[in-house]
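Here the protein sequences come in this chain order: A and B. Note that the first sequence covers residues 1 to 362 in this note's numbering. Note that the second sequence covers residues 363 to 785 in this note's numbering.
What the hints contain is simulated information worked out from the structure, not anything from laboratory work. Given the structure is predicted, the values throughout are model-derived calculations rather than measurements. Accuracy of the hints is not assured; some may be wrong.
When the alpha-carbon atoms are kept at most 30 Å apart in a straight line, the in silico DSSO-like pairs for lysine-lysine are as follows [claimed, not checked]:
1. LYS535(B) <-> LYS601(B)
2. LYS137(A) <-> LYS551(B)
3. LYS688(B) <-> LYS639(B)
4. LYS622(B) <-> LYS535(B)
5. LYS601(B) <-> LYS137(A)
6. LYS708(B) <-> LYS473(B)
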Amino acid sequence: MTGSRQYRLARRERLAGWLMAAPALLLITVFLVTPFVLGLGLSFTNQRLVSPNPAAYVGLENYRNLVGLGVLVLEPERDGNGQLLLRDGKGPIYPSVRSFTRNNPDYPQYRGMREFTSFSLGQDRIVILARDVVFLKAVLNTVLFVLVVAPLQGGLALGLALLVNQRLPGINIFRAIYFMPVVLSIVVVALLWRFIYAGENGLLNALLSFLTFGLFQPIDWLGRTDTALWAILVMSVWQGVGFHMVIWLSGLQTIPLSLYEAADIEGASNWQKFRFITWPLLRNTAVLVLIVITMHGFALFAQIDVMTGGGPLDSTQSIVFQAVQRGYVRQDIATGSAISVILFVMVLSISLFQRYLTRERR
Amino acid sequence: MKTKQLFNTVALSAFLASNAANAQTELSLWYHGAGNPTERAILTGIISDFNQSQGDWVVTLEEFPQAAYNDSVTAAALSGNLPDILDMDGPNMPNWAWSGYLQPLGLPQEKVDHFLPGAVGMWNDQLYSIGLWDAAVAVFARRSVLEDNNIRIPTLDEPWTGEEFTAALETLKATGDYDYPLDLGMSDKTEWYTYAFSPFLQSHGGDLIDRDTYLTAEGALNGEEAIAFGNWWQSLFEKELAPGTSQSPSDHETGFLDGKYALQWMGNWVAVKALEKFGDDLVFLPAPDFGAGPKIGAGSWQFGVSATSEHPEGATAFIDFATQDKYLAQFSDAIGLIPATAEAAKMTENYKEGGPLAVFFDLSEAQATLRPVTPAYSFISPTFQKAVSDIADGADVASTLDAATDEINQNIERNNGYGFNEN
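Only chain A is shown next, with the shape it has when bound in the complex (with noise of 0.2 Å):
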């Protein structure tokens, strides 16, 4: 009797439970999982966005195109006696790399690739050739990206945290303050900055330069190779950074204040109470942190797409900026997709890899 009425009770909260659940799955499944799905099919057809032609499976050349890669040693070039010629005092002369890459019947492989770096070895010289150059600088840009910004945003929520959580009067003030940028679309956020950082006009210059009495030189801050990913990282940090205060502040508010009280009878030092009580205790915050800020990092778009469009010469390009353009602008869904399953493994594995570092070992 009773052993049939549990039965039901529990099959009733099952029941209740995936009704609650229902309409997440739902919008997961239609939303996420489906487009997911197909764009794995599709990244290995020739899908374009708007044709007549019909789709057809090319296994995976997509992928290939995507990061193909190859090497070229290039041997300098010699007269007739075998002696190098050289070009006047500035060491020897080499073919030219178009030279092997167009239109060269002896080398099918190196058909259509491009420079993306070289360094000499000896006497040669080795060309690194790519056969998507765009592509593969936004997935370095891209790494660097999040390489700099995790440890970074996350660094300085938790530092906000610490400042915020604090029992002062008017505290509230300042969280708002910090939060805010969150808030504001990043669109416009990046929109603003992009006056901010203007070469001609920019407040940050103007300000620089009165700070330094008029001896700083202006920067155009987004128009220079070496100065515009460092440019869009800033902004990115300082928009987000609130976001992930407020996640840090959650964890800081779990931990009992009784350890502290102890802590406190014991004589610790305010670095040790850090040490030995916070820190361990946030733990979980930090992977859930890490992560978050990981994922955002790799899908950084639309301060690229405002502010600079992956310019100067591709130093801003990203990689979802490049699933865009390629699916979107340039109408090749199939390789828009491939890029974006290429993120989606990146993410993943480096995701399951930070879960792995950062586990409980018992």
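With the hints as your guide, set chain B onto chain A.
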């Protein structure tokens, strides 16, 4: 009691709505000019004139910001939600016709005959779109500035040569009066790049694609002439004769009017504003000749009927109605665009004989070069945009143009020649 009342109201309004729908069939119209009140006022005027002029159709307007317009149409086409009537930028028409978004436009030949060639969208020998105006680009300059610096004022018959143009820029730079001598509009990272800058390439003797076959860009986009264009283009930025890709949009908007830039390479859609500021001092100079003749772009926004429209006769009737001379003249007066017919031009403030903008009509006639009429244009344009941006930012000219050529060729290959190899 209350419920019954409510029910009655609902039933009554449903009845009224269905009755109205029976009388007039609704046609939807999409337009790219959201955010421009002047354009909106004229267009809604045309629509209400049309709706009142007959009892069969009622046109409803939906506006999009220009930057998002093409994407919206593409998305709508994929999901089968295209409107009955849509407007499109001229060079995109072949792609949309090829992709099956559009149906041929059933306007009588006499109607089309007296339109400017740039306002008529022909693809595969069929009419798909027609525009109320054409646009033209010129070098905006102030007569006083040129005369003060002893720079010859070029004419349509005798435009600047490439060297003369560059020398003029260097002279203006040397005065030190300007942030930059020339504003090219580099902050406008849209179709403007291809529309405004590919004529420089063509004036050097190159092109975006080999127009004999439409199957390859080899030799056209990366030949000697194209490389000469690239070197000249790069030198503009190296010598700081023009602001580069990081130009701020506000400077582009007002820089010439505020005297920050001495010259501006700009279209006639801002000519009215510049005339208001400088009056008689303002001159519109023809494009310089880099060897293969002076060139400017042609073809602007045009109306067409979507392939999925169930009422093409109604949609065509509206387009026929909207392309009356008086409306062409209205648009021209408001935003300075070139009216698409000579009759309409006579009715306008700016393009009638001796009007301040009449020069654009002549410019268009003498120099206009259509962007390649091929479905591949949708791919060519962003590829060219990236190439000229990269070159402006200092990339190696030859290899950048090679890369763009390869990408275009690969794209054409992957699309089975866009139907061209079958001919």
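Hints versus structure:
{"no.": "1", "hint": "LYS535(B) <-> LYS601(B)", "verdict": "9 Å, holds"}
{"no.": "2", "hint": "LYS137(A) <-> LYS551(B)", "verdict": "21 Å, holds"}
{"no.": "3", "hint": "LYS688(B) <-> LYS639(B)", "verdict": "27 Å, holds"}
{"no.": "4", "hint": "LYS622(B) <-> LYS535(B)", "verdict": "11 Å, holds"}
{"no.": "5", "hint": "LYS601(B) <-> LYS137(A)", "verdict": "28 Å, holds"}
{"no.": "6", "hint": "LYS708(B) <-> LYS473(B)", "verdict": "18 Å, holds"}
Consistency with the previously given hints is maintained throughout, with no hint failing.
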